[in-house]
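Engineer: Given these sequences and hints, build the entire structure.
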Amino acid sequence: MNPRQILGQIGLWLSVLVIVSPAILFFLWMASLSLKFEIDNASYPPVFFPEHIAWKNYADVFASNRFLTYFANSLIVTGCATGLAMLVGVPAGYGIARMAAHKSAIVILIARITPGLSYLIPLFLLFQWLGLLGTLVPQIIIHLVVTVPIVIWIMIGYFETTPLELEEAALIDGATRWQVFRHVALPIAKPGLAVAFILAVIFSWNNFVFGIVLAGRETRTLPVAVYNMISFDQLSWGPLAAAALIVTAPVLLLTVMAQRQIVAGLTAGAVKGG
Amino acid sequence: MSVVTQTEPVAADKTAPAREWRPPSYWPFVIPALVVVLAVIIFPWVFTIWMSLQEWKVGSPTVFVGLANYLRLPTDPRFVEAVGHTLSYTALSVVLPLVFGTLAAVVFHQKFAARGFLRGIFIMPMMATPVAIALVWTMMFHPQLGVLNYLLSLVGLPPQLWVFNPTTVIPSLVLVETWQWTPLVMLIVLGGLAAIPTEPYESAQIDGANFWQVFRFITLPLIMPFLFIAGMIRMIDAVKSFDIIFAITQGGPGSASETINVYLYSVAFVYYDLGYGSAIAVVFFLLIVALAALLLYLRKRLLWTSALGSDA
Chain W
138 MNPRQILGQI GLWLSVLVIV SPAILFFLWM ASLSLKFEID NASYPPVFFP EHIAWKNYAD
198 VFASNRFLTY FANSLIVTGC ATGLAMLVGV PAGYGIARMA AHKSAIVILI ARITPGLSYL
258 IPLFLLFQWL GLLGTLVPQI IIHLVVTVPI VIWIMIGYFE TTPLELEEAA LIDGATRWQV
318 FRHVALPIAK PGLAVAFILA VIFSWNNFVF GIVLAGRETR TLPVAVYNMI SFDQLSWGPL
378 AAAALIVTAP VLLLTVMAQR QIVAGLTAGA VKGG
Chain U
6 MSVVTQTEPV AADKTAPARE WRPPSYWPFV IPALVVVLAV IIFPWVFTIW MSLQEWKVGS
66 PTVFVGLANY LRLPTDPRFV EAVGHTLSYT ALSVVLPLVF GTLAAVVFHQ KFAARGFLRG
126 IFIMPMMATP VAIALVWTMM FHPQLGVLNY LLSLVGLPPQ LWVFNPTTVI PSLVLVETWQ
186 WTPLVMLIVL GGLAAIPTEP YESAQIDGAN FWQVFRFITL PLIMPFLFIA GMIRMIDAVK
246 SFDIIFAITQ GGPGSASETI NVYLYSVAFV YYDLGYGSAI AVVFFLLIVA LAALLLYLRK
306 RLLWTSALGS DA
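Protein chains in written order, with my numbering: chain W, 138 to 411; chain U, 6 to 317.
You may find that some hints are simply not true.
[Stated by the list, open to error] If you only want the chain U side, here are some residues facing chain W, beta carbon under 10 Å, derived:
no. : residue
1   : Ile46
2   : Trp61
3   : Gln115
4   : Met131
5   : Leu140
6   : Thr187
7   : Met191
8   : Ser283
9   : Ile293
Just so you know, the hints here were simulated from the structure itself, not pulled from any lab data. A virtual CB, placed ideally from N, CA and C, is assigned to each residue, including glycine.
Structural biologist: What follows is the structure, encoded as structure tokens:
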């Protein structure tokens, strides 16, 4: 390497450092807050590496009476909303791609543009009328607003790129449309399924606005539970930051592990829920 | 959702009538999703429009009032103010991520070790749970104990009140929004950079163009369609931004950061004025569509090439 190339390398790494540092520093600071006792969190200038690590903050969060309930709620809502969305969305994406019904994408576009709150007013009344408030069902249903368009959108894009020849050959051999879908198209589309699944899980897990309206004391999901903690013990930063980190940790892990799929999905559809 | 699963076989039988050259046998694939979309997306829309024509408060009988809810909007100072906040918040939250995201994309377009992993780190802010990060930003904004004022003091700047001051609250929230959504712009622009052919760069190198000239006269024009898409998506998301604003300030101090979405929440679910809230929701949606149309019009005016497939 000549000096010019070395200089270029140094410049490149400096720019990389500058670009990723806001993300890295933020999450390190979040971890630092969550591992400090109040005395360190309330000191000025701030302490970055505490002398005594407060694992107790995490223990406190898990010990607080309803945290595990909220965790289970989040799992149920995200699991059901994502599962149902895959169940209806994957075949729909296939059908739309094969029928070349591109106009139907307008509905998804409208869903993408509409603010989440505008779904809440009518659906809130509907759930009230059906007597479903107080259960997890309203949240599962309304999370479909987020997950179904993501899955359909990504699967349309995916099935449009999978080769038709195999499917036509199978049809000529006497397979039904359903068999072709199940045994030819679906196996090829596995990477697309992964992308749709991961993004649906993340945006459902992160959703906050539906929960603040529809969740009762027993049916809160984690983002709502964390939000409610802010108002109650505003001063103990350690446990709050620990709770925040626990809520978002699954998503962060998924992001780093599946960054390839996430990047593929986001650049294909640039969808986001809520 | 038992309704959905039950309708599937019934609906499949109904789709027998055939079209000409392409048998409509793909319909059964679409029908379950169609039922869901009708129930959770189309129905709420129609119902919202109908509700917006009613005086509809929780606990009192509903009365048809025609366009009265809409006529109330321009005379509602809080709504008018919220429109202003929304527009300034949106403008900043589109421009800043576009600038930083483009710069980041140029860097991530280079080859370096652990690029995939670092890209994963870089996109963490936009994937993280918004409420969780809002909570930490709230702590960082704290005027006495927050780390941001400490960082300012390191470079000799006076401490700020951040989200606790009506004049700095929107820029502070935009800081969070920019931090959060710059990665999305980066990813879209990165996709654009990957699609650029190498020939223009080779000839520029022969002609002795410097880095800035190459960026300004080759890269920028070629990624314009992607910047446009990124700007459009960013606009839609910034207008609708709710989680961050609500979790950090609830629209405060006073109503200094109350955007349309936050005001809509208050009207519908704090005052339970559902008719008026529905009218706000409809106007809000129309505003987003109008802004999108404005961007499309601007693109036409500027004659940006869509040769690179901007119709995504």
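Engineer: Please go over all the hints and tell whether each is borne out by the structure.
Structural biologist: Results for each hint:
no. : hint   : in the structure
1   : Ile46  : holds, 5 Å
2   : Trp61  : holds, 9 Å
3   : Gln115 : holds, 6 Å
4   : Met131 : holds, 8 Å
5   : Leu140 : holds, 5 Å
6   : Thr187 : holds, 8 Å
7   : Met191 : holds, 8 Å
8   : Ser283 : holds, 6 Å
9   : Ile293 : holds, 5 Å
Violated hints: none; the structure is consistent with every hint.
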